[in-house]
Amino acid sequence: MKTVSKAYRKKDAMQLVTGQPVYMDDLVPANCLIVKLLRSPHANAIVKTINTAVAKKVPGIEAIFTWEDVPQDAPRYTQAGQTFPEASPRDRLLIDRHVRFVGDVVAIVAGKDEKCVDKALRLIKVEYEVLDAVLDYHTAKDNPVLVHPEENWEALCPVGADNKRNLCAHGEEGDGDIEAVLANSDIVIEHTYHTKACQQAMMETFRTYCSIDLYGRLNILSSTQIVFHTRRNVANALHIPKSMIRVIKPRVGGGFGAKQTNVCEVYPAFVTWKTKKPSKIIFSRVESQIASSPRHEMEIHLRLGATKEGIVKGIDMHTLSNTGAYGEHGPTTVGLSGHKSIPLYAKAEAFRFTYDVVYTNHMSAGAYRGYGATQGLFAVESAVNELAAKLHMDPFEIRQKNIVKEGDYMPAYYGATNTSCALDRCLAKVHEMIRWDEKYPARDLGNGKVRAVGMGMAMQGSGISGMDVGSATLKVNDEGFYSLVIGAADMGTGCDTTLAQIAAEVLDCELDDITVFGADTDTSPYDSGSYASSTTYVTGKAVEKCALKLREQISKLGAEMLECAPDEVTFDGRKVYVDAAPERGVSLAEIVSASQFGHMVPLEVTETHTSPLSPPPYMVGAAEIELDKETGEVKVLEFDACVDCGTPINPNLTRVQAEGGILQGIGMTLTENITYDAKGYPMENSLFQYKIPARVDIGHIHVEFENSYEPNGPFGAKSIGEVVINTPLPAISDAIYNAIGTRFYELPITPEQVAMAAAEKE
Amino acid sequence: MTIREYKKAESLEEAWQLNQKKPNRVLGGMIWLKMEKINVGTAIDLSGLGLDTIEETDEGFSIGAMVTLRQLELHPGLAAYTDGAVRESVRHIVGVQLRNLATVGGSIYSRFGFSDVLTMFLALNASVELYKGGIVPLAEYAQRPYDRDILVRVIVPKEDAKFCYQSVRNSQTDIPVLTCAAAKNAAGEYRFAIGARPGKAVLYTLPADAGETPELTSARFAASIRSRIKTESNMRGSAEYRNHLAGVLVKRAVKQLG
Amino acid sequence: MQINLILNGTKVSVDVAADTLLLDLVRSQGCASVKRGCETSNCGLCTVFLEDKPVLSCSVLAARADGKRVTTLEGLQEEAAEFGAFIADQGAEQCGFCNPGFIMNALALFREKESPTEEEIKEYLSGNLCRCSGYEGQLRGILNFLAWKKQKQEAAE
Numbered sequence: 007m008k009t010v011s012k013a014y015r016k017k018d019a020m021q022l023v024t025g026q027p028v029y030m031d032d033l034v035p036a037n038c039l040i041v042k043l044l045r046s047p048h049a050n051a052i053v054k055t056i057n058t059a060v061a062k063k064v065p066g067i068e069a070i071f072t073w074e075d076v077p078q079d080a081p082r083y084t085q086a087g088q089t090f091p092e093a094s095p096r097d098r099l100l101i102d103r104h105v106r107f108v109g110d111v112v113a114i115v116a117g118k119d120e121k122c123v124d125k126a127l128r129l130i131k132v133e134y135e136v137l138d139a140v141l142d143y144h145t146a147k148d149n150p151v152l153v154h155p156e157e158n159w160e161a162l163c164p165v166g167a168d169n170k171r172n173l174c175a176h177g178e179e180g181d182g183d184i185e186a187v188l189a190n191s192d193i194v195i196e197h198t199y200h201t202k203a204c205q206q207a208m209m210e211t212f213r214t215y216c217s218i219d220l221y222g223r224l225n226i227l228s229s230t231q232i233v234f235h236t237r238r239n240v241a242n243a244l245h246i247p248k249s250m251i252r253v254i255k256p257r258v259g260g261g262f263g264a265k266q267t268n269v270c271e272v273y274p275a276f277v278t279w280k281t282k283k284p285s286k287i288i289f290s291r292v293e294s295q296i297a298s299s300p301r302h303e304m305e306i307h308l309r310l311g312a313t314k315e316g317i318v319k320g321i322d323m324h325t326l327s328n329t330g331a332y333g334e335h336g337p338t339t340v341g342l343s344g345h346k347s348i349p350l351y352a353k354a355e356a357f358r359f360t361y362d363v364v365y366t367n368h369m370s371a372g373a374y375r376g377y378g379a380t381q382g383l384f385a386v387e388s389a390v391n392e393l394a395a396k397l398h399m400d401p402f403e404i405r406q407k408n409i410v411k412e413g414d415y416m417p418a419y420y421g422a423t424n425t426s427c428a429l430d431r432c433l434a435k436v437h438e439m440i441r442w443d444e445k446y447p448a449r450d451l452g453n454g455k456v457r458a459v460g461m462g463m464a465m466q467g468s469g470i471s472g473m474d475v476g477s478a479t480l481k482v483n484d485e486g487f488y489s490l491v492i493g494a495a496d497m498g499t500g501c502d503t504t505l506a507q508i509a510a511e512v513l514d515c516e517l518d519d520i521t522v523f524g525a526d527t528d529t530s531p532y533d534s535g536s537y538a539s540s541t542t543y544v545t546g547k548a549v550e551k552c553a554l555k556l557r558e559q560i561s562k563l564g565a566e567m568l569e570c571a572p573d574e575v576t577f578d579g580r581k582v583y584v585d586a587a588p589e590r591g592v593s594l595a596e597i598v599s600a601s602q603f604g605h606m607v608p609l610e611v612t613e614t615h616t617s618p619l620s621p622p623p624y625m626v627g628a629a630e631i632e633l634d635k636e637t638g639e640v641k642v643l644e645f646d647a648c649v650d651c652g653t654p655i656n657p658n659l660t661r662v663q664a665e666g667g668i669l670q671g672i673g674m675t676l677t678e679n680i681t682y683d684a685k686g687y688p689m690e691n692s693l694f695q696y697k698i699p700a701r702v703d704i705g706h707i708h709v710e711f712e713n714s715y716e717p718n719g720p721f722g723a724k725s726i727g728e729v730v731i732n733t734p735l736p737a738i739s740d741a742i743y744n745a746i747g748t749r750f751y752e753l754p755i756t757p758e759q760v761a762m763a764a765a766e767k768e
Numbered sequence: 019m020t021i022r023e024y025k026k027a028e029s030l031e032e033a034w035q036l037n038q039k040k041p042n043r044v045l046g047g048m049i050w051l052k053m054e055k056i057n058v059g060t061a062i063d064l065s066g067l068g069l070d071t072i073e074e075t076d077e078g079f080s081i082g083a084m085v086t087l088r089q090l091e092l093h094p095g096l097a098a099y100t101d102g103a104v105r106e107s108v109r110h111i112v113g114v115q116l117r118n119l120a121t122v123g124g125s126i127y128s129r130f131g132f133s134d135v136l137t138m139f140l141a142l143n144a145s146v147e148l149y150k151g152g153i154v155p156l157a158e159y160a161q162r163p164y165d166r167d168i169l170v171r172v173i174v175p176k177e178d179a180k181f182c183y184q185s186v187r188n189s190q191t192d193i194p195v196l197t198c199a200a201a202k203n204a205a206g207e208y209r210f211a212i213g214a215r216p217g218k219a220v221l222y223t224l225p226a227d228a229g230e231t232p233e234l235t236s237a238r239f240a241a242s243i244r245s246r247i248k249t250e251s252n253m254r255g256s257a258e259y260r261n262h263l264a265g266v267l268v269k270r271a272v273k274q275l276g
Numbered sequence: 101m102q103i104n105l106i107l108n109g110t111k112v113s114v115d116v117a118a119d120t121l122l123l124d125l126v127r128s129q130g131c132a133s134v135k136r137g138c139e140t141s142n143c144g145l146c147t148v149f150l151e152d153k154p155v156l157s158c159s160v161l162a163a164r165a166d167g168k169r170v171t172t173l174e175g176l177q178e179e180a181a182e183f184g185a186f187i188a189d190q191g192a193e194q195c196g197f198c199n200p201g202f203i204m205n206a207l208a209l210f211r212e213k214e215s216p217t218e219e220e221i222k223e224y225l226s227g228n229l230c231r232c233s234g235y236e237g238q239l240r241g242i243l244n245f246l247a248w249k250k251q252k253q254e255a256a257e
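Protein chains in written order, with the numbering used here: chain A, 7 to 768; chain B, 19 to 276; chain C, 101 to 257.
Hints listed in this document are in silico derivations from the structure and should not be mistaken for laboratory results. It cannot be assumed that every hint is accurate.
In silico DMTMM-like links for lysine to aspartate or glutamate, alpha-carbon gap of 20 Å or less [what the hints assert, rightly or not]:
{"#": "1", "chain 1": "C", "residue 1": "LYS222", "chain 2": "A", "residue 2": "GLU632"}
{"#": "2", "chain 1": "A", "residue 1": "LYS125", "chain 2": "C", "residue 2": "ASP119"}
{"#": "3", "chain 1": "A", "residue 1": "LYS121", "chain 2": "C", "residue 2": "ASP119"}
Pulled out of the complex, with its shape left as it was, chain A reads as follows (with noise of 0.2 Å):
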């Protein structure tokens, strides 16, 4: 292959490393209005009174927006970035007179500047009737207390869930007889484990510019993965007919599936639609870990049962999912906590998978790389590598007894078929890489200091099977350039780059002939967004087969430029010319020309493709640890990761994306705390108190590649950029296991639980 596999720089790579005005805030005008938001102070309560008129007097200040100022009964929207109909019930009205969580929106400020509009937001005065509140989650389903009471949320499809029992989703499935299995089994593995709603703190907060344009619609510039969706939450939002709408996103500071949701473009939106004037709003890096949309905190309850060989033979997991104040994803993330993990164990004679996704007075949750695959990956591979200790097996090699295979049936992914799959050599790339034969379980260095090593597997999705669309339009310029514009958001993965590969694949052209667009709702080809995995294999195929539709009018005006049948000619990606006469042709420029000249060929294709699978990248991951019994310090020293990710389309952005998943996971698993005060506001609201990993607390992450190819998608590439942040969870939990013989249920594990369980130990 000629572009397909090459280490590409990124297009936009060189103007990102100088510093240029790519970003929202800075392309907007100077003096747009400034959109802040007055927060609830409260987990649980009514406005009761609320009085804006001193603060409307501030020097400055435009407007000024409460629950007044939105009707309370009309129907309600979703923040979720899905394809409609959206899994979210709608449940958020643009300001709510009942506001759910500490930083639910009370008023709309917009002034002249910051200064202005803070001062209006300190003279606002509010009346709160505080009501009783559901911050534990435990306690959630059929609590007194009703997050949504109210007669007019609305769920559109059937998740099973019920605003009167404080429940988002519900649901059971399985296979087999479980509890018969678990009775045969010679093992059973049985524990809860519990992950906290993380953020994923990409380094561009949520934003968002609104402006008027010529035609009287409402423009929204906004760093997004997902402008249609936008579009229709938006216009949801604000009652208004989506034909007024038009969305366009420029480079977006990183996503991870934040922007997946519409965290924040209401609010300007409300503002400049009733004003006509422009707006944007720039959350605060408090605002993007208070009220936004991070991991659903998970409780999950597993049974794994295996005989003493080794063999799993059934799971069964329970999911309880927090989706706090609003059911963003709350339906959909509970599903892949047992749909990406349970397949992984082939095995297995029976599974059952149960889940319920509760309403709480918390901060809404949202879509986060790993979208509760995570979650349960961290669950099973857990018990799994507990099992492999209890039957004194090493873990990598009860992996090898167990894993899926390609052209296996998986039972609980969606009963599809295992239609490429390199699991079993991720596996041997891995022990090789981390040298673990002579590494597990752990070597005590005498000072205090163990090391030791774990590992886990993973898995996730290529998009929603059956649901994602992905377009691409593609056309010939002058000279014979091309023109590829897409409807998926490339927020620093490099899409715009990777599907320009594989256009230039399949039209025989250089990298650089091909400029990218995207995207924009008014010229983008409609994409479901840049989520789920979905870009490489469902938009990439639509690249490919638009591409390949290029060619065929290509070769049907040069055909008709060398008056003969398009069935007599080859494209050879420079010239087409006549197979019987290769020296009679016509070039890629003369035909561009001639398409501009009294001809009605188009040289415009849009192609539209949606996958009814939705195949598994795969990943085994596994950690080196230097583990400080005394204070209980642990730092991951190394970190060996092989992913199959099918063809890798630009290996330098594939082990990028997998690199710095796997840093991600590395800090939700030691780092990246959640904890709340007594009134459910998460106390880690800043880059200061919510530690992220800095560069200083990793050793090395070393990343290798065993394709499989995927009949399914473009060069038999699959997806990427989430299956890489679920090993890192069982695999450190596991050395640190491996280091001092306790076993953590529950993330981050910290040096303190470190250090005593330790203790205890001695």
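Position chains B and C relative to chain A; hints supplied.
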């Protein structure tokens, strides 16, 4: 934080006069001040007063209030005198760019519980020079309530001693869960400053017993300090864990200082 | 208040409020490379040179830059492109939002230390957070750049 006026002081007297008014504040590196929810009247900048140098003599070091933590970190004399302990005490503080701003005066004046700098200078037997209040031992200054005097410089006397610095942090660039600066002088006497309890660092002086093995000494010191130190719980660790760590770090300090 | 500074080599005279931060001043002067990623001096995105020293522009009053030289990535385009190309060759720039601050501080490191060790690199840049890359690709880029520079110097000698 808002600031109504900014004044680059032309003399210590002017700075002091301005600082007598309640809403006015002296700017250090502004790292912590910026995060406070306060309305400052006049921000008093001392950066034009030549307080940004470290002077070393045979008797000790005179460190101006506006010396940055980065200057401390890179000063060869301090490194040599403290066996690298001063560098160790500041190198974990977020990053070079922050340490190029954060000042010794700001750190010492603020007397934050988690201050690595306060912990280190306590063990160095430092004193502070106040514009009106004269020279005050740091151990005493650390216990004083905040006042409106101007901290001019920090004085570190030279003695025949060895030093070491340790801290435990939940992540490498986070503020510490516990800090421990230790000194052993020629007479065999030990000093331990323990900070981030999470309260302000406190200083313990313990005499060595010549007949004792180093193992016994370290165990005795660890037990002694653990029984005396008051620790509390916060987001970063519990009182029990901090008490445990105090023992660990004291023991390790004795081992390192010999 | 009126202040005078030399911003990227050009004299600038500008009226600022007492509490205007250097970060907001330089952005208003067209230096959009300077980003804000937090309010707690933790992220390093806002790194600029004040009199050639890397500082967090979010934590410096604009007033304090009076009479001083301030440099942002806009004033170091050649160096940024030269070094940045090595980051780009790893694909480690990713979303790019932390890049200007990271590259500023890396350039500061290279000025202070000609051939820093891996340990020194990590420590010097520890205040530059990145959520995309896992830092490993940035480290590869830095090491490749240093090796290239060394080779270039040796060739010149």
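The hints, checked one at a time:
no.	hint	result
1	LYS222/C x GLU632/A	18 Å, holds
2	LYS125/A x ASP119/C	15 Å, holds
3	LYS121/A x ASP119/C	11 Å, holds
Taken one by one, the earlier hints all hold for this structure without exception.
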